[in-house]
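Chemist: Those sequence lines, one after another, are chains Y and E.
With the working numbering applied, the first sequence closes on residue 532, and no number is skipped along the way.
With the working numbering applied, the second sequence closes on residue 706, and no number is skipped along the way.
Read the hints as simulated data drawn from the structure, not as lab findings.
On a predicted model such as this, the values are computed, not experimentally measured, just so you know.
We put the beta carbon where it would ideally sit given N, CA and C, even for glycine.
Since no wrong hints were added, every one of them can be taken at face value.
Not close to chain Y: a few residues of chain E, all C-beta gaps over 10 angstroms, as computed:
| hint | residue |
| --- | --- |
| 1 | Ala71 |
| 2 | Gly144 |
| 3 | Ser149 |
| 4 | Asp158 |
| 5 | Gly197 |
| 6 | Asn198 |
| 7 | Leu210 |
| 8 | Thr215 |
| 9 | Gly314 |
| 10 | Asn330 |
| 11 | Glu441 |
| 12 | Asp669 |
So the derived list for chain Y, only partly shown, Cβ under 7 angstroms to chain E, looks like this:
| hint | residue |
| --- | --- |
| 13 | Leu314 |
| 14 | Asn327 |
| 15 | Gln329 |
| 16 | His335 |
| 17 | Asp336 |
| 18 | Phe337 |
| 19 | Gly341 |
| 20 | Ser343 |
| 21 | Arg365 |
| 22 | Thr368 |
| 23 | Pro429 |
| 24 | Ile436 |
| 25 | Ile438 |
| 26 | Ser464 |
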Amino acid sequence: MLTTQFILVNFHFVISLLAALVTFAVAWLYFDAWTSQKDPKQFPSFFGFLFLSLSFVAQAVIVDQSIFETSFLGSSTALVIKTFLRLIGYLTLIFGQVLVPLQLRPTRRRRSSATALIPLLVIPAAEFIPFLLPPLAIITGLLYLRRANRGLEHHLKPVSLGFFVLALSELFGVSISLRDTLNVALYNLVTPFGPLWIIERLALIAAIYIFGRWVWGYLLRRFETQLFMIFTTSVLAIFLLITVAFSLASLGNIKNGALESLRSDVGILAYAMDGKKAEILADAQVVAQDPQIVAALFRSDRSSLTDILTPTLLAKKLAAITIVDSNAQVILRAHDFEHFGDSLSSDPLVQLALENRETTSVDTREGTLAPIVTIRAAAPVLKNNQLIGAVLISNDIDNAFVDGVKEATGLDTSIYADNIRSATTFIAPDGKSRFIGIKEENEVVKETVIAQGQTFEGSVNLLSVPYLAVFSPVKSFDNNVVGMLFVGRPQTSILQTAARSIELTFTISTILLVLSVFPAYWISKYIASQTV
Amino acid sequence: MPVPKWASILEVFLIVFFALSQSILVKPAYAISCLFYGDEIMAPLLGTTTAALTVTNSGPETATVVKFVNADGPEFFQITGGSAPGWIANLEGGEIIFTGGTLEASQGASFSVQIKGLAETEGSYYTIDALVSTNGSVMQGCSGGRNVSVETFFTIQDLAISASSTSATISWHTSSSANSNVKYGKTPSYGQTATNGNLVSSHKIVLTGLTPRSTYYYSVTSVDGVGHAVESGRNTFTTTPPPPTPTPTPPPASAPAETVPPSISLTTNFSKPFETAPEVKGKASDNKAIATIEYSTDGGVNWLPVDKITAPGGKSTEFSFIPILFDDGNYQIVVRATDSSENQGVSKTYTLVIDRLPPIVGSALISVGPLVLTPNQNGQLITVAGVEHKVTLSVAGGPTSVDLLVNDHIHSFSRSSETGLWNGVAVFEEPGSYELIAKSEDGGGNVTERRLVTVTVLDSGTVGTTAEGTITVYGQEPASQVWHPWDARSFGQTNPQSFRDGTYSLFLPPGTYYLKVSALGYQTVTSNIFHLNSPTPVNTDFALEKTGRFNFFHISFRSQEVTIAKPELSAEPNPLLDQLAPIFFLPALEGNFESLALRGHASVLSFVNTWSDSSVEQISILNRFPRPNQIGTVVVQDNLSRVEVFAKRGGYDLELAVDQDGQLVDDFDIFTLPTHIFLDRRGIIKRIVPGVLNVEEIERNLLEIL
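With the rest of the complex left out, here is chain Y (with noise of 0.2 angstroms):
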């Protein structure tokens, strides 16, 4: 899809500037007028192919706004300096189809009514005119077909046939406007990259064919004009490739780029996770080791313990300090110090701590929406080496911890217990709250990372939105895949910063081309003149 949506913006741009190429050379056989003639008359007709051929490099730079978001050159300045340019093109044309007498046949003398439709052609407003540009498409066809018709001019009628499918093109083009309808069947008729898109540009190739044609044949019995044409048509064609095979390699770098920043940003994610780890085991030993904690746990004195433990608990921002006895008994637990007396001699990171070991591990736990995924430690607690029972220490990776993640290094994150998530920094559609407690169900993603324990990348759809992601497996002290890390990016997004870029490249390319025309006449006529 986003491929798709890719080649078609550079499709566009092509199109676009083989429009500019074409208006330009049909530009061009008006000056060649002009300098052969001297005829002041030419001019509306060349500075009118000029500006509709500028406004065709203006079209060529605007990368489609709402997929991409905001243009680099302002919201729509592109879009307003292509409009505006189309316009003074279409009514400098009329003026000088207006201006230039018609050469009559001998037996019909009429006079032309062509001058009664200027005064209709008053400035509106701006955002009407967009939606004047077809019928003045079609008023300056009109006017060539009638220098074809009723002049002796019949030569023009390719061109007024140009313009009528020109004006087909602008008027599709005027299907933007409507892109804010609740009709589903018009929108996705009108949307970007939808069939009134892909046809406007059909009609600017037919009517590129039909001006190209047309131009083609007169540009070529002049030798200093063909070999202008020639250069130009040439630079065009290399600045056309190398642009669009620059923009295709940029997608491609962009979408690597993008999972290899994924792939680096999972790993910080788990070097976060780690670092969490061995704080939480640190915190576990600072307690362990004690004095105090000690003497107070060797008395049993659970109200020393509240007192130091409880301080302890809020300024390291624990989820819990639980402390137990060699018997695996709860002597206190700091989050809750109503609660103790039972047993936690099942608990795996307890046994292992009464058996003089120090661990850390992730585990998970039932949320009340969710599950939640906590990391926790264990430490010995000792007195004259003598084991006299254990701190268990646990923090939460909620949401709090990977907003911090995000704070600190811009990721977006989810963590998953098991493949329900637990914890994200997505924030629903209404901006508040957080999607939690869905299931990742992609089965690739649960056999690579759940089943398998290995990272797993590539395309995944969140909530129906495709992703560039990545998973990582999270594990247990005893290696037991106990959750997943999430770190991804909409397609999207991917395609909007390779989209910046592309605007980039076709906005420099049209300049150089633009330039390049400079040398190319002055080539052009050195050659010319030497072979006189």
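With chain Y's structure known, arrange chain E on it following the hints.
Modeler: Coordinates of chain E only, in the frame set by chain Y:
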């Protein structure tokens, strides 16, 4: 004047046209008729009966199609199947059509048709009609009809379930002897059955091989000796998490010289409940020497040494211990003794019941997937039919079972050992109003029932046909504006959704959507694009039109507007309104909280918990309220130590009172948290507002009740 030639041609043309149109438009007299008489059919309520329906062909032509239809709609009974020798039965949209056989002129034929009663028809009769046809194209109604009445032949009572991690025992009673059948499975269509053919009035079926921590749907059916059946309807239960793996006992370093384990007996009488943990006494003996004695209060998962052994190292000794148990509940007491040869003997398991309080249901949280439902201002929950709702309840008093009664259905809950909350699933099958009642029972035999909330299930959306079809939801990705089929699975729904008798139900999260409705033989209808800012039920009625003969390339720009359901709700005033609020005293972080302190000015009493996001958000808002003397905040069913740590962790200066047992929940009829009780200066309840309120909303309510 001669008649022009063209006029003659026109005249001939008109005559031919008239003759042709007459031959096409005027139908021939239909030459088939039939009789359909018989006694009233008695269908059992929620059970199925097989009726013999006789149709007599009273016309001159042979009938090849016979159809039976429910003439009064599907509310009271349904035709669910049928058969007849030499005929092929086909059930379509509540009608049964027999084809492939012949019913000769002046002859009769008998058809067996299954009829299921759905609602009692006291004093009213509903009818089955018969129709016949020679070729199926035009059906001719028969004279007569068969009345159907739905009656309760016998009933199912005392339906109860007890679920563990991998098994469940379902029991019920019937008012007469009948067999026992259970349909069960992880989906509403069940998939598995368990049956006992014995005709009994007290039924018990044990389901085994279940998956831990899973919700199962089940339905029980009993059929008596004469074929009358009763069915419970669809209920749910949730299996518990798997028990932790017991700590493996390391094998002895060398083979023991002897292998006789110690024997243990407890002398404490556990037959009656205790208010506090008693001293448990017992004896242990061994042929060699007792080394250690340990006890467990959770059935052998975690162990502690006993407090006292009178003769340690002796062959026989007495021991005693007082388990430290704070909360009401049923505790599984097991004692094990290890002898000097590492042989281990384990006592039988005793159930110690600590019963200080009857079960008290506190607050509830109802969610659809990740979407939490909040009651409206009238305290009603609005939802749609057919969607799975997860219900989480906090219950104090150590219940051993919690059931959610939803009209006639029972949804059995299981307790999470990690959160202490009770979880289950409820599905509202039909539109209407449902009373949710939590029924809980503790080990002391105390049973309490508490009405939680009224759930209004909106009418399902209709599509104007009973033909098979689907409704598909498309959601728009905000960034690219590209449409994708909505991921319904994460929200406990399906997409596309197949029609159920021409209806559908959707509950959509915030986003931008459109709907596409398709049915076989009908033109596809597309809705307009619509935006939702909050979780919303969607039940727009669509009117599908039949596809024409030449609609192969039909493209329509018509779209139907989606209306967002805003049901007309009864505005029955809460009986607590304008009543004097009860006076209470509760422990609080800064000493004690007295409700009288709120008198003398308009005030708000906010009930919250510390485990739901919305309550935590509310506490944060209340903490910023500029006049703390006008607010009282009560944390429901939590203990003071946890609340103290919670407040310190969040940096809240707010005075939090703790209602550890949830005694006030019933007094103020609180269902969901947070809920706010607005009191005037005399302490009279003026408003009850559920949900999160911001500072401005609290201010406005206080101003309005002055």
